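Novice: Chains as they are written, first to last, in the numbering used here: chain A, 75 to 379; chain B, 75 to 379; chain C, 75 to 379; chain D, 75 to 379.
These are computed hints drawn from the structure, not numbers from a lab.
DSS-like mimics (lysine-lysine), calculated; alpha carbons at most 27 Å apart, straight line:
(1) Lys310(D) x Lys310(A)
(2) Lys310(B) x Lys216(D)
(3) Lys310(D) x Lys358(A)
(4) Lys216(B) x Lys216(D)
(5) Lys358(A) x Lys283(A)
(6) Lys277(D) x Lys358(D)
(7) Lys358(B) x Lys277(B)
(8) Lys216(C) x Lys216(A)
(9) Lys310(B) x Lys358(C)
(10) Lys310(C) x Lys358(B)
(11) Lys310(A) x Lys216(C)
(12) Lys310(A) x Lys277(A)
(13) Lys277(C) x Lys310(C)
(14) Lys216(A) x Lys310(C)
(15) Lys310(A) x Lys283(A)
(16) Lys310(B) x Lys310(C)
(17) Lys358(D) x Lys310(A)
(18) Lys310(D) x Lys216(B)
(19) Lys277(A) x Lys358(A)
Quick partial rundown of chain C residues pointing at chain A, CB under 10 Å, derived from the structure:
(20) Ala295
(21) Asp296
(22) His299
(23) Asp302
(24) Leu303
(25) Ala305
Stretch by stretch, here's where chain C covers chain D in the computed footprint (C-beta under 8 Å, at least three residues):
(26) 75-87
(27) 205-213
(28) 267-277
(29) 291-302
(30) 310-322
(31) 343-354
(32) 358-367
None of the values given here were measured: they were computed from a predicted structure. Each residue gets a CB set at the ideal place from its N, CA and C atoms; glycine is no exception.
Protein chains: 4
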Amino acid sequence: MLSPVLRPGFIQLRVLDIDEAIVHYRDHMGLDFVSRDDGRVYFKAYDEFDRHSVVLREADNVGVDVMGFKMASQEAVEELRRNLDERGVAHETVEPEEQPGVGERLRVHMPTGHLFDFYATMALSDNGPMTDNPELWRDEPKGMRIIRFDHCALLGDEIEAAAEILIECLGFSVTERVVDPAGENIAIFLSCSNKAHDVAFLKAPVKGKLHHASFLLESWADIGHAADLMARRNIKIDIGPTRHGITRGQTIYFFDPSGNRNETFSGGYHFYPDNPTRVWTTDKFGKGLFYYEQEVVESFVGVYT
Amino acid sequence: MLSPVLRPGFIQLRVLDIDEAIVHYRDHMGLDFVSRDDGRVYFKAYDEFDRHSVVLREADNVGVDVMGFKMASQEAVEELRRNLDERGVAHETVEPEEQPGVGERLRVHMPTGHLFDFYATMALSDNGPMTDNPELWRDEPKGMRIIRFDHCALLGDEIEAAAEILIECLGFSVTERVVDPAGENIAIFLSCSNKAHDVAFLKAPVKGKLHHASFLLESWADIGHAADLMARRNIKIDIGPTRHGITRGQTIYFFDPSGNRNETFSGGYHFYPDNPTRVWTTDKFGKGLFYYEQEVVESFVGVYT
Amino acid sequence: MLSPVLRPGFIQLRVLDIDEAIVHYRDHMGLDFVSRDDGRVYFKAYDEFDRHSVVLREADNVGVDVMGFKMASQEAVEELRRNLDERGVAHETVEPEEQPGVGERLRVHMPTGHLFDFYATMALSDNGPMTDNPELWRDEPKGMRIIRFDHCALLGDEIEAAAEILIECLGFSVTERVVDPAGENIAIFLSCSNKAHDVAFLKAPVKGKLHHASFLLESWADIGHAADLMARRNIKIDIGPTRHGITRGQTIYFFDPSGNRNETFSGGYHFYPDNPTRVWTTDKFGKGLFYYEQEVVESFVGVYT
Amino acid sequence: MLSPVLRPGFIQLRVLDIDEAIVHYRDHMGLDFVSRDDGRVYFKAYDEFDRHSVVLREADNVGVDVMGFKMASQEAVEELRRNLDERGVAHETVEPEEQPGVGERLRVHMPTGHLFDFYATMALSDNGPMTDNPELWRDEPKGMRIIRFDHCALLGDEIEAAAEILIECLGFSVTERVVDPAGENIAIFLSCSNKAHDVAFLKAPVKGKLHHASFLLESWADIGHAADLMARRNIKIDIGPTRHGITRGQTIYFFDPSGNRNETFSGGYHFYPDNPTRVWTTDKFGKGLFYYEQEVVESFVGVYT
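Okay, chain A solo, but in the shape it has when bound (with noise of 0.2 Å):
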């Protein structure tokens, strides 16, 4: 089954403070800053055509409020309402405008306590990559020189029955997958485009937590350059420049001031619905994590929001 899903195309996150993240996430990673309406802040990446792909919103705790995914079409969203029916799957209608600039979205209530939102329609922005004999870019890329958001890795305990409504009523494929010693998934990395993942979910006796958000870099060498800049402006990292076993990307995480984890990553591989699911083990998972450092990071494990 081809996946009528185009990308994740936004993660809404809580912040503690909605100013210090603005500087975070504005001018320490570059993000283009939209609007600020309803007291959420919106913002996109110099890459991406769609109005905004981050949403912050200030709150009293942190952590997502909802991921969404942009669909090929309001068919597909329809399909997979009367799928998630016959499933019966939790959903809801989000009106059109709830956030500026997006239709009606499919609210799904994932098993692992997520919610994700489907779309078809989103307002495009009025400073997404040029069309018109293109220059490269409008404005030479600022802070971490960020591409798009790119995937999500979240934490929760029924991550078999969320990757399955991925698969069978999305079109998802698996590309890679970490078994425990009872054959038991304990991560699942998904995908519905050419990515090595556009989500992952990692197994914990939790619901609807974040692990990390990640944004796009194009290059090993945009990686070293994110890192001198955390380390100039005092970002705490927490772990990296180093590469992933798992996606072979090359990887930085840190942590926005309220203390939700972002990444900012680079290369893995191109990955075709035919391609064989890679498995790990969990006596290589360090590897897979980490494959420099070849260990389990506790703190990488046990800290998220």
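We have chain A already, so just place chains B, C and D on it with the hints.
Specialist: For chains B, C and D alone, kept in the frame of chain A given last:
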């Protein structure tokens, strides 16, 4: 419409001297030699799962025999056959194992004079990427460190008609096009994936010609390395290292010993089917072709096989 | 003999329009604007300690006024003065503060018609690299991310005689030379440090001409970035990105708005005074100039200021 | 004073198993195997002119036998001998050919317990860089693509006294130092060239110990490649890829099979003798050591040979 085409799967080229060609594609470019059968030599890149992606055939003239596309399913191949019949597009069946390890192919006679083969099955390589606790690579990539056969640019007359088949029967998107003052397309770039192009047509009063066969590298750093290696080994560079305006890819063009043009490239944007088409006008075609030089190089346009 | 010359310390260039030039050197190249005094504008690169390294003077013709060399001590300057007297080489004294912050200079009239200033003192910049618990940089490098003014290539007739002064009076080494079939040097590359060249002389029947003033970048990645920026801002690229055979540097040549040729380069080997001299013959001069193109580009040789 | 020392010329290390060590230094690091003589194995990097730069000796304990420095002339060696006599620093003569191809050496017993050999002659390699119409390299660099043996960091007690000899007798400059709250230097970085360090002393209540022997790579891209290769071949990485605050070098630390610490690094600033000394205080020592991690890693400080 979602494209049921996964990717360009192989290119079969004619070369004048097969042994010279082997030195070029295996030792200089660094492709894995797969087999030598029935007068043809088969290669693959280190990061490809399928048995082969480059096929060379010794002949007394050069150019492209056929470009192959891997489809998501045999059903998709059959649906294509029906669509072609409706449209009256000539096609034929290529028997399984005409190339070792490849299933039945639907061969389409494109209006530009090219042969495009669509197929759903090819044997997996026993030397493809690892899948059990996979290392980054089995052995360090050799030669130009080519990741995969990526795309072709083809010259022909009826490029609108060729593009129409890919768009309407196969769900390809037009990512970029170059329009002359009369409003006619003189180049059309098409994608069936998240790539900026899987195939491109360049208008010329010829049939079935090859402009170049292109191979993916990881980064601008590897572009530099490939240029070093070409110069060291006296491989004729046509142009580069430079960057395209169209697709934004970083590139080097060079020739195999028979005169077929090869490209190694990296970078470029990631495409989604809901992205607007980029449009170039002929006065900016120079910048579209070569962003740094900003001019059309005659030899680049006029030489093909 | 150990060279008492530390480095090329400054270049003073003539430009036709000082305001256009400021946009080029400050905004595009990214040099720090230091001051505008006495009809001249002073710049430095972010990683230089001294007050300035580039001086622009508005005039009705273009080219180089003088190239300055920082020496290890005033004693070394005085010893040079004595040596020049013995040799009968014309020289004069430039008073302290002729350029702000620069001490007395010994100005040598080189046989090629160039003026070379040797001096032991220049005021430190208050915006140089940090020295107390130093960060990587104060502010992120801007524009082309230039590290320093690095070297010049100069055209003149008596290049042997000019080189002899640098070698015998100042301990420079010949790193590379290009020899014509008659055995005469047509290009001489000289180093007073661990650089592959601090100054180069190119033989031409002219006096006091500039081929290019060159600026160091960190890496091939920054070469690519500089090319992107030049193309985006429509700065005329002469040639590149490419690599020199001579010095092995990775390079882009381009022009300032007045037509003075600039170079940004990175890489190349590290030189030690006990290294053999590399020697090129004219039949390989193309590869020596441009390793990838392997040919002499006429405009590159014939255009200078 | 100009330093008559050209560069660190060789390091002689003790290893527990010479055959294992050969695999590490030749096959993994990619050094050229030069010869196996008198129980020692000799290596050089591809871009070094001299016969050898790394010497391994099998022994029942590990560490450094001697670090060698190439001087500009025999006169400079003799002047050093006189200076040492005046100062009462112990020294001796090592006969020519004690290492194949190396002339007489002046061996100095440094106050830190290290042996430093100063010599003016070593035979040129017949496999050094090309000098007649030179190509970029003879053969593509292998393994970690090491350019040269670059420097050592050494542990000892009397680091002030050791530095004083290098500064006063040999014209070394202090590029950086780390000062504890009592005002005492706990680390001193010294240069005899345009490098940020040719040797470093780290204060510890020991004699003659090696912290690491360091090897130059071309770029951050090659740092990433070296890390990939180490991980693929299960070479234990100590820390990295990361960047130093001190010297600004980009680095990976790892161990040879005997436990001697190696470093591969790239980048860092270029030093001139008139540059101010950078000074670190102990509260920022973490950032000085590892700019990204910003903390002192105990194993890094506590493990040496």
